[in-house]
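Listed in order, the protein sequences are those of chains A and B.
At position 85 of the first sequence the residue is numbered 85 (our numbering), and the sequence of numbers has no breaks.
At position 204 of the second sequence the residue is numbered 1204 (our numbering), and the sequence of numbers has no breaks.
Check each hint, because a few of them may be wrong.
Said to hold, decoys possible - In silico SDA-like cross-links for lysine to any residue, where the CA-CA straight-line distance does not exceed 25 Å: (1) Lys1125/B with Thr12/A; (2) Lys237/A with Tyr1164/B; (3) Lys196/A with Lys1070/B; (4) Lys1100/B with Leu171/A; (5) Lys34/A with Ala1081/B; (6) Lys1070/B with Leu171/A; (7) Lys1100/B with Arg204/A; (8) Lys196/A with Val1148/B; (9) Lys33/A with Ala1092/B; (10) Lys235/A with Gly1168/B; (11) Lys33/A with Val1090/B; (12) Lys1130/B with Arg204/A; (13) Lys231/A with Leu1173/B; (14) Lys33/A with Ala1101/B.
Please keep in mind that the hints were generated in silico from the structure rather than gathered at the bench.
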Amino acid sequence: MKEIIKITFALTISCVIAAAAMGLTYTATAKAKKHNHHMNVQNAMIGLLGFGEDNPAPSDLKFLNVYRYIVEDGEKKFLGYMVPVEKGSEEAYEMVLIDLEGNFVEKLEVPISAEKAEEAHDRATALQKVLAPPKIFTYADASVIATAGGKRLGYVLPGQFPGFRTFIHALVAMDPKFELLGLEIMEHEEDAGLGKEIEQEYFRNQFKGKTYEKLKTLQVIKKPLPMEYKKYLEKSKWEDGMFTEEHIAEIRKQYKDADIYAITASTISSKAVTDGVKNVAKKFAYRIGKLDSVLKKEKIHAAF
Amino acid sequence: MAIKEKTNTQLFVDGILKENPIFKLALSMCPAVGISTSVMNGILLGTAVLFVQVCSSCTISLVRNYIHPKIRIPTYTLTIATWVTVIDLVLAAYVPVAYKAMGLFVRLIVAFAIITMRLEMFASKEPVGKSFWDGLGMGLGFMFAMMVLGFVRELLGSGMILGYDVLGFKPLLFFVLPCAGFFVVGIMMGFFNWIEVAYNRRKEV
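The following block holds chain A by itself, in its conformation from the complex:
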């Protein structure tokens, strides 16, 4: 009996020490890790917009965040968009409240700097000042609008949708006409060799170039991916002279309105991603339309 107690005690102490060591390291490294994550997302967004080594991004490329909130005032419900606005040379944020029919309700200045606006906690503190109780606000999501030279280049939407195992975190990029520019899978826990294939180019790149019209009816088909199409989708594996320009144009034309070919033995994951992308894109296109018309009507000079 004494032995057991001794062992239990020793193991508990060891575990506590180990946990403390890991905890301390985590706290010490959390900030740097966050910064890395931010850079990763930034690079992924630049890549999604089609910029890379041979096509460098313009120097005035900016990613502007629009934060969406659900605002409740007693019985009434509004959508609150926290948008970056131009005020002289400085960047400021304004909270634009829109009712559920898409009509403008109110415009509030949010006292926050662009840098701090990226922190969920700082944002909530600043919003508390303008949206005092009984108004309650809940964070919904954030969308990124990429601009360069005063023009919109596209939208990058962080999407989160249930996969086969847990949530799949992805970035969906669209051009101003809501044509898909690309898809990047950021985090997921799908099975290796099966659902994990959603990371692969041959799956992700199938979404590239799908028009908004096609997107609405996009489906997953259980057919083998044609060899030629697969080779075309795996852009990073292209060798010199593998495809001529005409050949590329021909393939692009042939598969432009094709549905998404499911990953072998992972139809659920394939379908989850396709539905997720559809959902994210469709909802955003609807919302940005409403927001844009309100901004125009109320003459709010948004930075995008």
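Assemble chain B onto chain A, guided by the hints.
This is chain B only, laid out in the frame that chain A set:
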């Protein structure tokens, strides 16, 4: 015991040659077979093992008198797991480029037999200084073996060294496939044994 008479330098050199973890002790064969498809993999995994081995050896050696004999294995595992986590977090935070390449390997290390075995055989009995040199030798020995295997397999399998095309053609694709790991490990093991036997024989004459 014979180990006690060894100097630090001997401990260090033995880890690399005479007691090489892969070629002599035949431990941690899974990574040796599975991951040794290129020199770069060998270097990355080797570095990760080196760090974890040295840190864990020193830790266990420091607390060797307080470990209850009945729970020594869980204690070793806990120590290794802690160090792996710490290294994983530090790498992810400060060297993201290396982490991208090494991240998967680092997490694999928790289950490596070589580290647990060195803790059991050496660090739990010897003072910190000696454990450090033993850990360093073993870590480098592992790295050396992985690099040799990687060199052979990368050269013969894809005609490249460290990603640079040296041969200009691919002699035998077979060598980068998993099954070739067994052949290469076996042949290299025999080769190193043969060298040792030959060396000892010459010493006797």
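If you check each hint against the structure, which ones fail?
-> Numbers 3, 6, 8 and 12 - these are the hints that the structure violates, sorted from lowest upward.
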